[in-house]
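In order, the protein sequences belong to chains L and E. Numbering-wise, the working numbering puts 520 at position 508 of the first sequence, and it's gapless, one number per residue. Numbering-wise, the working numbering puts 85 at position 51 of the second sequence, and it's gapless, one number per residue.
Careful: at least some of the hints might be erroneous.
As the list claims (entries may be wrong) - Below 30 Å or equal to it, Euclidean Cα-Cα: the simulated DSSO-like pairs (lysine-lysine) are: (1) Lys256(L) with Lys113(E); (2) Lys71(L) with Lys113(E); (3) Lys101(E) with Lys87(E); (4) Lys407(L) with Lys543(L).
Unchecked claim - Covered stretches of chain L, as calculated for chain E (at least 3 residues, CB under 8 Å): (5) 333-339; (6) 356-369.
Unchecked claim - If you want the footprint, here are the derived chain E segments under chain L, 3+ residues with CB under 8 Å: (7) 58-65; (8) 82-90.
If you're looking for bench data, these hints aren't it; they were derived computationally from the structure. Quick reminder that beta carbons are idealized off the backbone N, C-alpha and C, glycines included.
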Amino acid sequence: MNADYFARLEWLERAPDNFRELVRAALNCGERAGAELRRLAQYSLNEPQLHQLGRAFSKARAPETVWAGLTPFRLGLLSNSTTDHLIAPLIASALRYGIDLRVLGFSYDESYAVAVSGDDRLKEFAPNAVLVAVDHRGLPLREVFGHEDEERQITGECAAYLQAIYDGVRKNIASVCIGQTIARPVSVSFGHADKKIAGSIGRIVGGVNHFIAGAADILFDAASLAEIVGTSQWFDAKLSHVGKLPFALAFVPLYADHVCRIIGAMLGKSRRVLVLDLDNTLWSGIVGDDGVEGIVIGNGSPIGEAFLEFQRKALSLRKRGVLLAVSSKNDEEQARRPFREIPDMALKEESFSAFYANWSDKAANIEAIAQELSLGLDAFVFVDDNAQERALVRKFLPDVAVPEMPDDPACYSLVLDAAGYFEAVSFSDEDARRADLYQTRGALARIAPHDLDEYLASLEMKLTVESVNPGNRARVVQLINKSNQFNLTTRRFTDLEVRGMEADRRCETFALRLADKFDDHGIVSVVLCEKEDSVLNILLWVMSCRVIGRGVEKAVLVFLVHRAGKSGSSSIKGQYIPTARNKLVEKHYARLGFRMESEDGQGTTTWILPVDQAETSPPRLEIIDNTLE
Amino acid sequence: MPSPSEVLSSLQPLFQEILDIPDLVLTREMTAKDIEEWNSLNHIRLISATEQKFGLRLTALEVENLKCVGDLAALVASKLPV
């Protein structure tokens with residue numbers, strides 16, 4: 013039952029019966045074809061449907077241009093199995109995440125040679141990442157019962173084999189390496205003692221997976237995926253023998269969705285806010301009708317425990333950086349009472365970054381929450397037990413993810429485990445404290461404008477500038493790839509590329525840390541520059557939306573001007589490349605006193621500021637230069 | 035037990051879907067050589083989809099011995115409950 017839930021992607025809406033005709037019709041939609049196919053990708057699709065959609069999209073897209081609203085991504089695929097049948101499903105699943113995916117696959121025993129020799133085909137393809145999908149059949153595995161030292165040796169040989177591929181991908185292909193863990197084959201030697209006796213396949217595979225988790229740039233834990241749905245179903249011996257297929261076809265949709273959600277996370281497309289309904293979503297019953305005494309939540313009854321488990325799931329997501337919000341049709345006072353009066357509730361009022369209990373429609377409420385938190389609707393997930401409410405939000409806010417909910421509340425938390433809306437490729441201190449930080453931000457947003465100056469001065473803000481270094485790099489890469497709104501060029505840089513810039517003497521890399529008397533906000537902004545003769549060229553300028561309206565960008569400019577002067581640059585150049593999400597900074601350079609130098613047909617503008625004409629009035633923030641340590 | 039020709043007519047929509055040819059008409063004599071899309075990989079997808087549709091398993095040997103669509107229909111028919 014639960015294995016099916018995962019394999020069939022049941023949190024997604026069921027595809028209509030005429031799905032195949034809809035795909036064909038979409039192809040005749042002209043300019044809207046891309047958007048239409050993307051909409052069709054939101055359904056839970058089986059293997060043949062993914063095939064059709066992926067092939068249709070591949071045929072319809074132009075060779076070099078990208079459909080509006082989609083982010084391009086190129087994936088190299090190295091495997092010891094057949095992978096041709098995965099390509100169309102991967103392309104279709106990527107559409108679900110708004111990604112225009114191109115895949116170049118190499119199978120059988122080519123993968124090692126391709127990576128280690130720096131194969132021209134793959135180099136020319138210039139992949140953004142390479143998935144190293146080697147499984148147990150591609151490794152030099154063998155059983156050495158009873159010999160711990162030989163077990164270590166074989167584990168080491170497998171690790172060295174994979175390490176050579178990973179290194180090849182990084183050095184020869186100059187790409188990022190997604191390492192796939194090894195699903196443990198259903199192989200029993202002694203039985204239950206297999207894990208006790210050295211040299212069994214299971215033990216060696218365990219050791220290799222431990223290595224992969226540490227060695228890969230990005231982890232794709234296929235072993236866990238296979239375990240969740242059951243390895244006895246994951247592997248299909250006949251398909252493996254007949255066509256070298258790596259796993260059963262029934263799991264192609266799940267596998268493809270997981271690869272694409274990781275790519276989505278790399279591109280900053282993971283969701284960030286979980287909006288929850290209250291009645292029959294967080295507790296059993298309707299508080300407005302049944303009263304606080306009448307609703308069921310907490311230990312002591314099966315139904316109360318089921319809802320409590322779901323609350324705990326939400327709370328655990330909050331701890332890792334997901335914001336929680338309420339959208340409920342309720343009288344606000346009534347809606348808040350359970351949080352205040354029932355001690356068993358895992359969620360408290362202060363767990364939420366926004367609380368909307370009123371009689372407006374839920375789409376309007378979610379829009380208001382998005383505004384309050386300064387986040388795009390595509391950062392939102394909405395959970396409601398009521399199918400009509402879900403349909404309404406899907407209709408009016410198609411960017412919001414709205415999972416189907418199982419009939420049994422005991423399965424509610426499974427939805428959030430399976431759907432992967434909040435997939436993350438890293439975890440930083442900022443993530444751990446994000447939800448708390450947004451709470452103070454909400455308070456800031458409610459202050460009237462004329463008090464704001466005074467208020468900001470009272471915050472005693474300190475902006476510390478650091479060069480990007482191994483200590484802050486993970487957060488820097490995260491910010492570069494997650495920022496969509498305060499992002500002047502929306503250029504994405506991988507860990508490897510940032511490292512390259514740190515080492516490049518022509519480049520300057522700045523990470524900016526903000527603290528005030530209440531809080532240390534951590535790194536909130538990144539600026540990457542390149543010196544060209546006497547011009548300091550800003551390649552990337554991003555800032556976390558949490559700190560908008562505090563004058564941080566002005567302080568950053570003061571620093572840049574100072575820096576440019578010191579290094580002999582006579583002017584600073586910046587560029588604005590418009591996207592669907594960064595309208596916020598369209599006038600950024602104009603506001604900072606830059607002069608527009610040129611504008612191309614697509615709205616990209618280039619700006620210049622001679623250093624001696626820059627306004628150097630001291631900002632409201634104290635600037636601390638730590639770049640020279 | 036459905037006859038091979040009954041099985042053949044329920045295989046038709048399945049072949050249409052997997053090979054993505056909406057107007058494909060299956061005949062008993064048809065082989066992979068007759069349809070461009072019927073390559074070795076799609077052959078495996080067809081076998082797998084057939085197993086799922088009829089709720090049965092075909093062995094690797096049986097798969098290897100299939101010569102034409104009629105063989106597949108007869109094999110499926112022989113495996114279905116009476």
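Status of each hint after checking the structure:
About 26 Å separates the Cα atoms of Lys256(L) and Lys113(E), which keeps this hinted pair within 30 Å; it holds. For the suggested pair Lys71(L) and Lys113(E), the alpha carbons sit about 39 Å apart, so the restraint of at most 30 Å is broken. In summary, the hint linking Lys101(E) to Lys87(E) is supported, as the alpha carbons are separated by about 21 Å, within the 30 Å threshold. Restraint check for Lys407(L) and Lys543(L): the C-alpha separation of about 48 Å exceeds 30 Å, so the hint is violated.
For a cut-off of 8 Å, the count of residues in the region 333-339 of chain L with a CB near a CB of chain E stands at 0, and the three-residue condition is violated. Proximity of the region 356-369 of chain L to chain E, defined as three or more residues with a beta carbon under 8 Å from a beta carbon of that chain, is not established by the 0 residues found. Beta-carbon proximity to chain L at under 8 Å applies to 0 residues in the region 58-65 of chain E; the threshold of 3 is not reached and the given coverage is violated. Coverage of the region 82-90 of chain E by chain L holds in this model, with 3 residues showing a Cβ closer than 8 Å to a Cβ of that chain against a need of three.
Going through the hint list in order, the structure does not satisfy hints 2, 4, 5, 6, 7.
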